[in-house]
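Quick note, the sequences are listed as chains A and B, same order.
Using full-length UniProt numbering, the first residue of the first sequence is number 1, and each one after it goes up by one.
Using full-length UniProt numbering, the first residue of the second sequence is number 1, and each one after it goes up by one.
It is possible that some hints are incorrect.
To be verified - Below, simulated PhoX-like cross-link-like pairs (lysine-lysine); rule was C-alpha separation at most 25 Å, straight line:
{"no.": "1", "chain 1": "A", "residue 1": "K232", "chain 2": "B", "residue 2": "K188"}
{"no.": "2", "chain 1": "A", "residue 1": "K329", "chain 2": "B", "residue 2": "K7"}
{"no.": "3", "chain 1": "B", "residue 1": "K7", "chain 2": "A", "residue 2": "K232"}
{"no.": "4", "chain 1": "A", "residue 1": "K232", "chain 2": "B", "residue 2": "K271"}
{"no.": "5", "chain 1": "B", "residue 1": "K188", "chain 2": "A", "residue 2": "K51"}
{"no.": "6", "chain 1": "B", "residue 1": "K271", "chain 2": "A", "residue 2": "K287"}
Said to hold, decoys possible - If you only want the chain B side, here are some residues facing chain A, beta carbon under 8 Å, derived:
{"no.": "7", "residue": "G169"}
{"no.": "8", "residue": "G212"}
{"no.": "9", "residue": "Q293"}
What the hints contain is simulated information worked out from the structure, not anything from laboratory work.
Source: prediction; values computed, not measured.
The beta-carbon is built from N, C-alpha and C at its ideal position, and this holds for glycine as well.
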Amino acid sequence: MGTVPSALKHCLSYQHLLKEQLWIGEPAAPPPAAPHPGQEPQAPGLPEYIKIVEVGPRDGLQNEKVIVPTDIKIELINRLSRTGLPAIEVTSFVSSKWVPQMADHKEVMRGIERHPGVQYPVLTPNLQGFHSAIAAGATEVSVFGAASESFSKMNINCSIEESIEKFEEVAKSARNMNIPVRGYVSCALGCPYEGNIIPAKVAEVSKRLYSVGCYEISLGDTIGVGTPGSMKRMLEAVMKEIPLSALAVHCHDTYGQALANILTAIQMGVAVVDSSVAGLGGCPYAKGATGNVATEDVIYMLNGLGINTGVNLYTVMEAGNFICTALNKKTNSKVAQASFNTGTIN
Amino acid sequence: AFPKRVKVVEVGPRDGLQNEKNVVPTPVKISLINMLSETGLQVIEATSFVSPKWVPQMADHTEVMQGINKLPGISYPVLTPNLKGFEAAVAAGAKEVSIFGAASELFTKKNINCSIEESLERFNEVMTAARAASIPVRGYVSCVLGCPYEGKISAAKVAEVSKKMYSMGCYEISLGDTIGIGSPGSMKEMLTAVMKEVPVGALAVHCHDTYGQALANILVALQMGVSVVDASVAGLGGCPYAQGASGNVATEDLVYMLNGLGIHTGVDLQKLMDAGTFICNALNRQTNSKVSQASCRL
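Extracted from the complex, chain A is given alone in its bound form (with noise of 0.2 Å):
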């Protein structure tokens, strides 16, 4: 490299001004008891606590174009393991055929460590995937609807509530096994084909998914066109129809609002919310755009409201380094672009 501008050179650190700045959390399960010595007086109205669901390894790694080597998978999740994430997706078991990424899903299961306190769910679209899933060891699974009937079409070529249907059935299995089942809803702010979706509707899916048994219901903004008007708009629809506990969030980052939605959900109460380490996954429907929102990113916000997560920022930056490392990519994370890139000496 060239000589370093002189404005670096005597800068803090990026670790001493992070440590100034934000509590870093540490490993802990929720919820937490007094705030910690140093930690940001939390604002008033906001969560205490915020589980985050880490679905880099899943929603991430399947939205990347280059193939990933299933030992590189199960050391991500590892690292992942470490670092306070109290959820993980870890794969998904649907047919190779459609999602050749995931075609290592028995692998990765049954590769993993399994950390204590630390939930691995997978996607199951069916009774097929579901029964692969529990032989393979999974404890927890996801399944994946829509509020946009084209979209539903498009994707798992059936309507909205023929799917719900097919949940229903993997959801009557697993309630009979114990094994808890999340529920996804996509295209909660916009579809990439039908454009505008209204919030009744997403209300309406939400309830259906709810009552075949999902234990927490993840609204997600899948193409990112959502901003802090819609997102509350359909917040406002849902929490009619779903109690609060139950409700996540899971912002793309496309046109760049994600943490303003995120900022927008946690202020009427969500206390969870999706997110991908590195802002791994770019976007099917628009090229070249990004897709999820990076977990550091998150984080980095929550840390700065008080909120504790039970998650350590430095650990995801360095998981985060890890896979963007193996894929060759750059991280799309602004606080790792900010942390690693930085040439300050000290």
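Chain A is fixed; fit chain B onto it per the hints.
Leaving out everything else, chain B in the frame of chain A:
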């Protein structure tokens, strides 16, 4: 409740270009500003009357000022660090100027080689001359949520410096998160302190997106009643304190959010994206605006 209208202050041609590595030819700068003038933006910071020795990118300040189309109803403020710069700016046709203070002693020392108090004395000279010439002055306070040299900055200090600049006669105080380190928590704390000293109608926020927090920070500011927001087309301008990191928040992404909130800006997003595409092509770089990135169908 959110403000019904927000004034977007476009700082791309100055703050943005100043932090871009490639020196941009004068005609390109003029074209950029002219394109921005067609978008509905009401304020476009055009250039900086500083010594070309310090900021080579702004060496053509007189030519830019004299070369741009100045549309009625649009303000084209320029930076003036001292009386000399102010006089040059007025001679070149400037009708509004900006001065740059900081909430950090170390930052002021490293940046302009004097203390905060000394910098305010220099600004006072500019204020006096501006008042005599009926030229409005906008005041910036840098490092409001953190300093690359001092680290944490107390909200009380930000309030103190803001109050001094406001009392000197600045019609507006733009609070800058210079290294983008702030989060909604620190933004709220800082604004609460500043709003005790300066009326919210005279406040603006100038957020950098270095840690991805800009739009969330701006959202909080809006919720607290701030209705003036600075941004840079295509998110021009890196961060001189974190190599490889991004800087200014992108105007396109800001306008997208404000549109979604039903807040009136008067800005045509498509025309804004066109201006962003133009300057990115000229700079041979990718946009930092996610809206632009998502909207580009290759």
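Structure-based check of all given hints:
1. Between K232 of chain A and K188 of chain B, the direct Cα distance comes to roughly 20 Å. Compliance with the 25 Å bound is thereby established for this hinted pair.
2. Proposed proximity of K329 of chain A and K7 of chain B is contradicted: the alpha carbons are some 38 Å apart, above 25 Å.
3. Note on K7 of chain B and K232 of chain A: the hinted pairing holds, with a Cα-Cα distance of about 23 Å set against a maximum of 25 Å.
4. Note on K232 of chain A and K271 of chain B: the hinted pairing is violated, with a Cα-Cα distance of about 28 Å set against a maximum of 25 Å.
5. Annotation: proposed proximity of K188 of chain B to K51 of chain A holds, straight-line Cα distance about 23 Å (limit 25 Å).
6. Using a Cα cut-off of 25 Å, the hinted pair K271 of chain B and K287 of chain A holds, with the two alpha carbons roughly 21 Å apart.
7. About 30 Å separates the beta-carbon of G169 of chain B from the nearest beta-carbon of chain A, more than 8 Å, and the hint is not met.
8. The beta carbon of G212 of chain B comes within 3 Å of a beta carbon in chain A, closer than 8 Å, and the hint placing it at the interface holds.
9. With a cut of 8 Å, the hint placing Q293 of chain B at the interface with chain A holds, because the nearest CB-to-CB distance is about 6 Å.
The earlier numbered hints that this structure contradicts are 2, 4, 7.
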